[in-house]
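Participant: Chains as they are written, first to last, in this note's numbering: chain A, 1 to 113; chain B, 114 to 229.
Just so you know, the hints here were simulated from the structure itself, not pulled from any lab data. This one's a predicted model, so the numbers in the text were calculated from it and none came from an experiment. Glycine is no exception: its CB is placed at the ideal position from the N, C-alpha and C atoms. Mixed in with the good hints there might be a few duds.
[What the hints assert, rightly or not] Okay, derived cross-link-like pairs now, DMTMM-like style, lysine to aspartate or glutamate, Cα gap no bigger than 25 Å in a straight line:
| no. | chain 1 | residue 1 | chain 2 | residue 2 |
| --- | --- | --- | --- | --- |
| 1 | A | K60 | B | D222 |
| 2 | A | K105 | B | D222 |
| 3 | A | K105 | B | E171 |
| 4 | B | K120 | A | E42 |
| 5 | A | K105 | B | E199 |
[To be verified] Label pairs and their computed distance ranges (CB to CB):
| no. | chain 1 | residue 1 | chain 2 | residue 2 | range |
| --- | --- | --- | --- | --- | --- |
| 6 | B | L229 | A | Q45 | 26 to 34 Å |
| 7 | A | D54 | B | T192 | 38 to 46 Å |
| 8 | A | N2 | B | L186 | 21 to 29 Å |
| 9 | B | S166 | A | E15 | 47 to 55 Å |
| 10 | A | E16 | B | V175 | 43 to 51 Å |
| 11 | B | N185 | A | R67 | 35 to 43 Å |
| 12 | B | Q141 | A | Q45 | 21 to 29 Å |
| 13 | B | N195 | A | T71 | 36 to 44 Å |
[To be verified] So these bits of chain B aren't anywhere near chain A, every CB distance computed over 10 Å:
| no. | residue |
| --- | --- |
| 14 | P121 |
| 15 | R128 |
| 16 | G129 |
| 17 | T133 |
| 18 | V138 |
| 19 | S166 |
| 20 | E167 |
| 21 | G173 |
| 22 | F174 |
| 23 | P180 |
| 24 | S182 |
| 25 | T187 |
| 26 | T192 |
| 27 | S197 |
| 28 | D200 |
| 29 | I228 |
The chain contents come next:
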Amino acid sequence: GNSVTQMEGPVTLSEEAFLTINCTYTATGYPSLFWYVQYPGEGLQLLLKATKADDKGSNKGFEATYRKETTSFHLEKGSVQVSDSAVYFCALTPNQAGTALIFGKGTTLSVSS
Amino acid sequence: SAVISQKPSRDICQRGTSLTIQCQVDSQVTMMFWYRQQPGQSLTLIATANQGSEATYESGFVIDKFPISRPNLTFSTLTVSNMSPEDSSIYLCSVGFHGRDNQPQHFGDGTRLSIL
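This is chain B alone, in the form it adopts within the complex (with noise of 0.2 Å):
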């Protein structure tokens, strides 16, 4: 398994703003996922961080607004750019482990983010 430490666990930000979010993994992972969980909703995937190169990003959701950064196998960030009321919501860095059969994926405490 693997401790994964998210940053900040929670912020109130204001319109317009940027904000950035860490992840830090305490073990080299092959995989770094980001997911937004809007309030009272399902988790949704907004981009899988590939180290060396640009992230992978799903519909939806677009570098301009969230760009991220993967300098190595352990840290990532998430920037949530210009950020409307819209983007409240919790963001969470998740890791898996590419080549070894069914490990599951491991989940930081989430980022809680209000606009105002």
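For reference, chain A alone in the conformation it holds in the complex (with noise of 0.2 Å):
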């Protein structure tokens, strides 16, 4: 079956210090994949996707690259704010327009000053 797999948190981190968040995933076929952010209070938000092996997925200073020999989804920041404290959720559906996503149990993250 298809299941999404994100690193154990919280992760706690300085200012400007550099994110990593792993992720990886079993699927049958060829996903796409996403990562999706969840700020205190909020709903989630679409951070980044990328739909084929080898796409890079970018937004806010984020990467993530599809990685299909690997089965992963790691996203990377080289420089983090106070204002990225939040909880990050590794997703995919599978090859298929409109199916529900799958998601991983999400990594919180916690910058300080």
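With the hints in hand, could you dock these two chains into one complex?
Facilitator: Below is the structure:
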């Protein structure tokens, strides 16, 4: 079946530190991959996406590359800010437009100044 | 993209009562989904709301407990019935675009539900 595995949190960093949140997946076929972010007290927002192997999604300084050979989609940011403190969810959909998302467990990021 | 409005944004309810959550989208969408996010947990799909037919429920969720309506392509409701403290969660509506390749799903802000 399809599943997503994220690194356990919480992740605690100082401002301007480098961030990596690991995400690996199991899927039949060729899924689309996503990172969503949930700020405290808010709903989910799409952060970035990649729809095929070797695609790089990027947004707000965050990047993730779709690695089919390692079935991974790790999230990175070169210099985090306090405002990046949130819960980050890796997710996939099977290669069928409109099907429901399958989420990882989420990783809490806390950035201090 | 789509703008999704969920109501209510939060509520505190008594044990044994029921609450209906509304999800309104500003454009016609093919797919509408309802998720539950228990405290400190990830999102779990409750069901897919199908326009003009019964919802499709995931394992562990049943229509008697979570009846869903979808009367048209822009609106859906989720009812949480006979609530208990274990139902305290965030309930999120999401929309998808079948046939539009790789369009990501969009989420409402969620309904934060606490049962006393």
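Participant: Hints the structure violates: just list their numbers, smallest first.
Facilitator: none
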